[in-house]
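Protein chains: 2
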Amino acid sequence: MTNRYERQERERDEMRQAILDAAGLIVAEEGLKRLSIRKIAERIEYSPGIIYHYFAGKEAIIEQLLRQGYLEMVSGLDAVSAMESQPEAIFAQTMRRFIETSLADGVRYRDIMLNESPSVLSHTAVLFSGAASQREALALLIRLLRSFDRLKEKQDDELELTAQVIWSGAFGLILRLTVEKDLPAAQKERLIRHYLETTLIMIKHLE
Amino acid sequence: MTNRYERQERERDEMRQAILDAAGLIVAEEGLKRLSIRKIAERIEYSPGIIYHYFAGKEAIIEQLLRQGYLEMVSGLDAVSAMESQPEAIFAQTMRRFIETSLADGVRYRDIMLNESPSVLSHTAVLFSGAASQREALALLIRLLRSFDRLKEKQDDELELTAQVIWSGAFGLILRLTVEKDLPAAQKERLIRHYLETTLIMIKHLE
DNA sequence: GACCTATACTGAACATTGTTTAATACATTG
DNA sequence: CAATGTATTAAACAATGTTCAGTATAGGTC
Numbered sequence: 001m002t003n004r005y006e007r008q009e010r011e012r013d014e015m016r017q018a019i020l021d022a023a024g025l026i027v028a029e030e031g032l033k034r035l036s037i038r039k040i041a042e043r044i045e046y047s048p049g050i051i052y053h054y055f056a057g058k059e060a061i062i063e064q065l066l067r068q069g070y071l072e073m074v075s076g077l078d079a080v081s082a083m084e085s086q087p088e089a090i091f092a093q094t095m096r097r098f099i100e101t102s103l104a105d106g107v108r109y110r111d112i113m114l115n116e117s118p119s120v121l122s123h124t125a126v127l128f129s130g131a132a133s134q135r136e137a138l139a140l141l142i143r144l145l146r147s148f149d150r151l152k153e154k155q156d157d158e159l160e161l162t163a164q165v166i167w168s169g170a171f172g173l174i175l176r177l178t179v180e181k182d183l184p185a186a187q188k189e190r191l192i193r194h195y196l197e198t199t200l201i202m203i204k205h206l207e
Numbered sequence: 001m002t003n004r005y006e007r008q009e010r011e012r013d014e015m016r017q018a019i020l021d022a023a024g025l026i027v028a029e030e031g032l033k034r035l036s037i038r039k040i041a042e043r044i045e046y047s048p049g050i051i052y053h054y055f056a057g058k059e060a061i062i063e064q065l066l067r068q069g070y071l072e073m074v075s076g077l078d079a080v081s082a083m084e085s086q087p088e089a090i091f092a093q094t095m096r097r098f099i100e101t102s103l104a105d106g107v108r109y110r111d112i113m114l115n116e117s118p119s120v121l122s123h124t125a126v127l128f129s130g131a132a133s134q135r136e137a138l139a140l141l142i143r144l145l146r147s148f149d150r151l152k153e154k155q156d157d158e159l160e161l162t163a164q165v166i167w168s169g170a171f172g173l174i175l176r177l178t179v180e181k182d183l184p185a186a187q188k189e190r191l192i193r194h195y196l197e198t199t200l201i202m203i204k205h206l207e
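These protein sequence lines are chains Y and L, in that order. Position 165 (the first sequence) corresponds to 165 in full-length UniProt numbering; numbering is contiguous. Position 132 (the second sequence) corresponds to 132 in full-length UniProt numbering; numbering is contiguous.
In short, the hints are calculated from the structure, not lab data. Hints are not guaranteed to be accurate.
Chain Y regions said to be covered by chain L (calculated; three or more residues, Cβ under 8 Å) [to be verified]:
#1 125-133
#2 150-164
#3 176-185
#4 197-207
One side of the interface only, derived from the structure: several residues of chain L facing chain Y at Cβ under 7 Å [as the list claims (entries may be wrong)]:
#5 Val74
#6 Ser129
#7 Glu180
#8 Tyr195
#9 Met202
Keep in mind that this is a model prediction, so the values were computed, not measured. Cβ atoms here follow ideal geometry from the backbone N, Cα and C, with glycine treated the same way.
Modelling step: build the complete structure from the supplied sequences, incorporating the hints.
Now the structure itself:
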């Protein structure tokens, strides 16, 4: 008796996910701006109207899509294994991997991190005071910072600020590299290396 | 005889500018996403179709608008007057003014700097090798860097890389602050100050 | 099995978009 | 004055997001 409702609920969820999957494919193929309700409907082989039985509107679909995408991206986050014992090497390799995966994802990183809807921002906001306790990326950065001897004694809130600034710097570089997409690979590499070098210099000389 | 053509040309330019002005007002009031050809037409008191006699399409209008906006923004760029004699203070104040004017401009900075059309990018691209010779912001940054004694002897191309990284960092911070627009003013201020501090530390210890 | 009710779904419609085009008014030229 | 080219409009087209009246369907009740 009760499991009938469960099955209905399950089917509803499956339909919602089918819509999201179709939307995800379209976005991957044509970009977020070209996503349309009718294209989704065609792909799931239903009429366009039905989508409004499962989502409040296009905006809601996009938000859910970006939220799922964000979780995927974050799930691959962790420090490079400690085969490299020097904090500098670990920091550089971890940051480099983060930058390169973001770049490999093309415009997805950009779509996610620039979305201003509250439901997406509740996952992606990173600058507020106390963010480190809720954002794995910041927590990871702080752990990396603490692996430098000079910074072991630093207060949490100061390291958080530093992590936020470092994070914003990487964010800016990733976005610029995404926008200026015709940049030669060698220059791209030079910039990433220089970003890592200068950031490390800064870290090593924090007062 | 020839000046008839000149007058025609002039009237054409005036119409083009009237369209751009109307578009600019709408964007300022409602944002870039809400700009529409029909709204422009209504504001200039013509029918929508006429706009296509003056511009190739909506995209072309936006590009021209952003290009004009970019020139406006850049025109206000110069180093803080040297009443402060220490390079550090000059650097910090110049960067701070740049960050704060960008933030004050709301989403305009964002719309301009994230636009990917070649005609806009030809003004805004900043990461390519040799960019300092064409981008006042980068040239200014390099001049500021050279005012530090340690960096007087540095090669141009290395300082350019450093300027590009510093610029990208500011860019990332500005964008994050624009996206996370509900951040308390005190935290905003803390982040800007910390960005300036850490960047200065980096500059002072460049090898 | 007949009936009922809630849910799934469709087709058509509506309003709004960017854009094109046939027709027209107008100004300039010869 | 006739011809030519330019400026302008109204209407249409295609695509968009969204709504809604109606229809089928599936599950439960008598």
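Hints, one by one, checked against the model:
no., hint, in the structure
1, 125-133, "holds (count 5)"
2, 150-164, "holds (count 3)"
3, 176-185, "holds (count 7)"
4, 197-207, "holds (count 8)"
5, Val74, "violated, 17 Å"
6, Ser129, "holds, 5 Å"
7, Glu180, "holds, 5 Å"
8, Tyr195, "holds, 5 Å"
9, Met202, "holds, 4 Å"
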